[in-house]
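Q: Here is how the chains run, residue by residue.
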Amino acid sequence: MKTGKGILMFFYVFSFFFLLTAMSPIQATAAVKAKFDVNKMADMSGFDPNNFPNPTGDTIKIAIVATFSGPAAAVGEGFWLYATWAAYDINKRGGLMVDGKKKLIQLFKADTMSRPDQAKKICEQMVLQEGVKFLWGADGSHIVKIMNQTANKYKVIAVNMISLSEDLQDAKNFSPYAFMSWWQTSQVGRSFAYYFGQRKKEKKFYIMCQDYVFGHEMAENFKKGLKEYYPEAQIVGEDFHKLFATDYAPYITKIKASGAEVIYTGDWDPDATNLLKQSRAMGLKLPFAHIYMGNPATLASLGVEATTGLLIGSPYSNGNPAFKTPEQIKYHKTMMDAYKRFKPPYNKMDYMLGWDPLAMEFSWLLSVIERAGSVDAEKIIKTWEGDTYEYVNGHVKTMRACDHNTIQETYILEYVPPDQQRQSFNIPPYHWSDKSALYGPAFRVPAEKVLPWMDPNLERCKGKKPSDIN
Amino acid sequence: MKKAIKWILWIILGIGLILIPKIFGIYYTNFFVSLAIMAVFSQSINIELGYTRILNFGHAMFFGMGGYGAAQALALIPGMPILGAVLCGMLGGGLLALVLSPLVVRVSGMACAMLHVAFNALFFMLAMKLRPLTGGEDGISGFPIPPFNIPGIISIDMTNPLNFYYFAVAVLGISMWLMWYFTKTPFGQIMIGIRDNPKRVNYLGFKVPESRALVYIVGGSFAGVSGSMYALFQNLFSSDATSGLNSFQPVLMTMVGGIGTFIGPIIGSAFFSVVEELARRYTERVELVMGLTLIIVILFAPMGFMGLYRDLKARWGKAPSLPKI
Amino acid sequence: MLLEVQNLNTYYVTSHVLQNVSLNVNEGEVVALLGRNGMGKSTTLKSIMGLVKPKSGTVTFQGKNVTGLPPFRVAKAGIAYVPEERRIFPQLSVMDNLEMGIKGGKQSTKEGIWTVERIFNHFPILKERAKQQGRYLSGGEQQMLTIGRALMGNPSLLLVDEPTEGLAPLMVREVRDILENINKDTGVSILLVEHNVKVAMSLANRIYLMGKAHIGFSGSKDELEANPEVRAKYLEV
Amino acid sequence: MDPTTAMYVSQGIHGLAYGMILFLVASGVSLIIGMMHIFNLAHAGFFMLSAYFTYQFVAWTGNFWLALLLAPIATGFCGMLMERFLLRPLRGSGVIGDLILTVGVALCIDALVKVIWGTANKPLSKPPLLQGMVHFAGLDYPYYRLFVIGLAVVVLLIMALLLYKTRIGKIVRAAVSDNDMVNALGINIPLLFTFVFGVGIWLAGVAGAAIAPILSVFPGLALQMGMDAFIVVAVAGFGSLRGAFMVSILFGLMNSYGVQFISQLAPLSMFIFMAIVMIFFPHGFFGESEEE
Amino acid sequence: MNILETKGLFHDYSGLEVLFDVNLQIEEGERHAIIGPNGAGKTTLFNTITGTCCPSRGKVFFKGKEITGYPPYKLTRLGMGRSFQLTSTFDRLVTFQNVRLAVLSKRGIRFNLFKKVDKMTDVNLETLEIIKRINLDQEILVPASLLSYGKHRSLEISMALATNPDLILLDEPTAGMSRDETHTAVEMIKRLTAGKTVVVIEHDMDVVFSLADRITVLHYGKILATGAPDEIRNNQAVKDAYLGESENGGITTRHSA
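Chains as they are written, first to last, in our numbering: chain A, -2 to 467; chain B, 2 to 326; chain C, 1376 to 1612; chain D, 59 to 350; chain E, 28 to 284.
Only chain A is shown next, with the shape it has when bound in the complex (with noise of 0.2 Å):
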């Protein structure tokens, strides 16, 4: 009966948009604090997301809080895959240096069930009664403030993943606990409108998203940045539709009409595919601006030809040529051998290109525990505050001292049929799918085009530019 319980169905598929996986690093402006190094690695060959060897007694405890059931429970899937990954590795290495002792990563589920109330019970659950001092997550921006509150109340560390809402940060919200590393509906926005403002390509844009807040903020932005890096394009047609919606026909027939050039799109799954699949279907051939409409089942099954031209966004993959030092591809090979064990639900296409863009995620956080040496909320606080830290693909990220965003550059990419995939996947069989179009060229938009927002009420960023990093 309930229509919009996903608000939070969230990104469903998740994996599949931003899996740009190893890709080769970019001359780093500024030196950084820490990277992933693929060489001290561990053996992952017993890596199973389905037994993952959890430890317990005296450990470093996080939880990860999601939806593990409902509809969008693939949402938890994904990031206990993301989390055990990472901490698989730690812990076969012998864990991290804290308090003077080296200590295993213990990893909790935290079910959410996209309910505040349920996400209130269970994060306090966790950090009450089985002691967790990181909460990793979540789904919806509702749910992410519950778990920043509750964090905030009893002084862990909370760090939101995936929910890019702006006002989690902002003056009224903002909890010095509270971190986000990903990033935010106007870094979208902004990079899609400085990628068409430079390619001058198209300049008729029609915007369709979900009538929700997220779909009204990507929209916004979208418009903001256009106006900002692209004052010459045109709005020819702006749509919201319910979530979840089973009919896109009238949608796709105005569209048509409308003459547009590009079609910009903040829609998740399983609203994204359909849009997707009913468009093709429909004879409407225009590319897609997209963030999250990557999923590698639905592509491969529309095909090659109805994929191609399709633009996703991504805070993650860089240039090109993909898979250029011995590092990356190790670190590919690595994670694709483990996929092939894989049993189900982790089985499935959606991880197929990897998942090492939020597995990256999770190791900066463990990687500042490291740094830290503490589990100490205030330790963790000074160590992230300001931290850079190099992804596995040479991306590298910055920990915004005064509201806890992250300062990073960004990346569109453009979809190619799998005979011109070699120049993003330089490794045999040089595609990343023989059955869609997927990654070819990636335009790189420099961190400073695409600077998160800054509240200007919020007290302790007085007097400070978006782009100070302390």
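Hints in this document: simulated from the structure, not taken from any laboratory.
Every residue gets a Cβ at the ideal spot worked out from N, C-alpha and C, and that includes glycine.
There may be inaccurate statements among the hints.
Unchecked claim - Label-pair distances were calculated between CB atoms; the ranges are:
#, chain 1, residue 1, chain 2, residue 2, range
1, C, S1593, E, D233, 17 to 23 Å
2, D, L139, A, Y336, 34 to 40 Å
3, D, F143, C, N1382, 35 to 41 Å
4, D, P185, A, N51, 42 to 48 Å
Given chain A, work out where chains B, C, D and E should sit, using these hints.
A: Structure of chains B, C, D and E alone, referenced to chain A:
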């Protein structure tokens, strides 16, 4: 003698409630608060559904009005006292009930149920759509939780979970007591009369539509109270809580506990919360457990636990067995 | 004996509406059950039919115990029910209404079996209206339709509840004649509940009088004629 | 046809297609309410189940047509099991009991689907025969959607034939007005109920199977469809198939032209329409008020 | 003076005239029985008088005041009480609570939300007294639906009486009772309604003749006769109506549905 035992039981209950945080720790204290909020919510629907047979399957609307009322009062009015916010929530629920009551007294049975599901769906859509007012799916959050303040005497910090627990127990306890008292007044008798036989109530000289409207408003007000307590407890109120699913929740709880009995919704809420808690801890299939629980309960105890209790008592010859409603 | 009802007790919730009712119907006989309103006549028929579950007692039909069986089984055993207030199916045509009475969907072609044509012979007026929806029939026609529909199941016993209720006098006579013909022509037994004493007396071989929830008198027509006290007690003002 | 006209025409066809699917689901709900007075909240769950069955049959046999035939039948059979073993023991215990039971079944279907098929989107391709577009007088329209309209019309005709030309249909119509009397004529009513319930679920199954290639199959598919079908039944009135048909088509058209002209309000329009109808006709347009 | 009077009452029920020009006069203090075969319109007559449905034409006067179309609660407050053919009590309330509701009504306690009903001593005492008078003191805490049929009927009647009405309309008070129960019930009615005006619908002639001072016979919506019991007993039209074959009277005015 009997009176003395009653008083002793009350005192034990009171001491028990005071000691809960000491014995069980903050987690279970908060677990108890959310259970109590659901119990008051369920009881407010029981008054309508169980006592008066107003098939209100859209109770989340009133819960929502309570939540939005309290949250917006705190967010917009500086210096709003905490009890004032609860009162705003109560008024919100009551007001919506007042507005809808002319419709509700006109229809009964399945049509009434459908009407409520329909209005609930509309309300939910509006809660999603009117973002400036409701914050949509993200909800209203970050509003200040003021201290409990009696000027010049006392000021207690309500962001402390322990203090909030005592506040919640007091507010919810008083709400529960008021509803109990309500069912014990002469009007409470009329209410049950309307459920069993509205025609006869009319022939006894009582106005049925007006009485139904009053029950509806009282039920709506207390749903408002529980909604406002929910908003204060979570420090967030999102459209999520006004969905149709949230209307079914208290109905299910009431049914499982025993509809039309005062203790039923309380038992039902407790049972549901505990089953859910256990299911969540020991399985990953919470929905399956809840679904099977519902099916089993309805097949084997169609009148809920109180009905089962009464049937068993009847079997042992201690009390007559009542017909089903 | 075709139908034997022994010590039937039926309750509606707590009200004891039938108290030890016993009656029987022989092969080929018309038996009338008379009495004032609210005495339990209709309930007796419903209890036999299984539409109301009796609490105790037995109903035996052609030697077979049919007590408490669901109505469709009782019907299959060979009892047909013609309800009061003419419960035809208003949305179906007359033809369809009749066909609803056929058990198992197909009427066999055996000799002596009720067919639509045969029904139309008995009720010529229904033939004219065969295609019309049931709801457009007049009361008398509806009454005939219910009787015809019951006959389509080739019952050995018809339970007929107040067939003349609310009909115009001419119609009353016609319905009476039809019932008589059916009984005479085909030997179907009839258990008739009637408040129109004259109609009942003219049709029935034997008569039961019902007082409150019980059978107060049973006997032949003549016995009843000869007993004015009983008549006054159960029937007259 | 000039492009603008073509746009309006195709919006009309979209409305028709969606309305037809909606009708397949709503008619089952309506049939079950009309005959058994049970509001089946698990109906949309069966709709989803059928989509999964379709996916599974295609995965096994590779033949979409076979799946289109078998999936609804399998779903209908599940529905019959539910009626026989869960609803029948509960008969007569009232509206609320039925509601709770069907909510329970709905929850179980949601959970079981996830246990069996996992949480991922299951994409399903259209049969090759129906891929592509038809070009007609300046109008491009996908074959598959036309096929869906055609299928729904065929099902509708089959239902109409079944209901108006066969004995069983007559029995059903008779039982809607007076099921005790039908029982007394020697027809096994409990069995008939099981059958009708199965047919109602089968209708939802046909809709689920037909829509599976248009949508992706995923847990939660039931949510939206359930809501829309509910609104149709509430507005049309219980048990009125004719009403359900008219309202379904109306909603389909309202949806597509709503998107065309009042895009922002389109998702709300159905709810507002429903609220207004229910204020003035609490029993729906075509429903009859029941006696309490 | 007539306490109740109907003038030219008609009632249509989808084209069917259930009541046809009914003029009824009930004198204050009399016991009046209304009899007639099934479907004669007796209960409809009660319903039009007590406000369940409105007459299509005609007027109803109570204590000289026109009350046509008044809702039941208003009539009750004016002093009219009614019992039902199908027992109509509050099934899940116990006997005591059932009667107490009537007592509350009589005392005008309606929207009182500030006092517990259990603490209203005078109300409870009066309730107890009424229960004693109807011999239900053994069953005081038994839910109404579990009472034996006869006792349930007594409760039904006593609830109509407990509001202390000036005019009491009883619809088949002994319907469904056994012979013994009927006898007890008649005694009870006689006792409790002493000095009041009673209108009763009844099929049981023993009851009618032992209760009624005057009788009205209704046949096909028309008044066939009104008079003392003996007059009625000897009236040929009445006899015919009861035994069928009544060619005279209003038979042709009734069209089949």
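Q: Taking the hints in turn, state whether each one holds.
A: These are the hints, each one checked on the structure:
| no. | hint | verdict |
| --- | --- | --- |
| 1 | C:S1593 / E:D233: 17 to 23 Å | 21 Å, holds |
| 2 | D:L139 / A:Y336: 34 to 40 Å | 39 Å, holds |
| 3 | D:F143 / C:N1382: 35 to 41 Å | 36 Å, holds |
| 4 | D:P185 / A:N51: 42 to 48 Å | 46 Å, holds |
The structure is consistent with each of the numbered hints, conforming to all of them.
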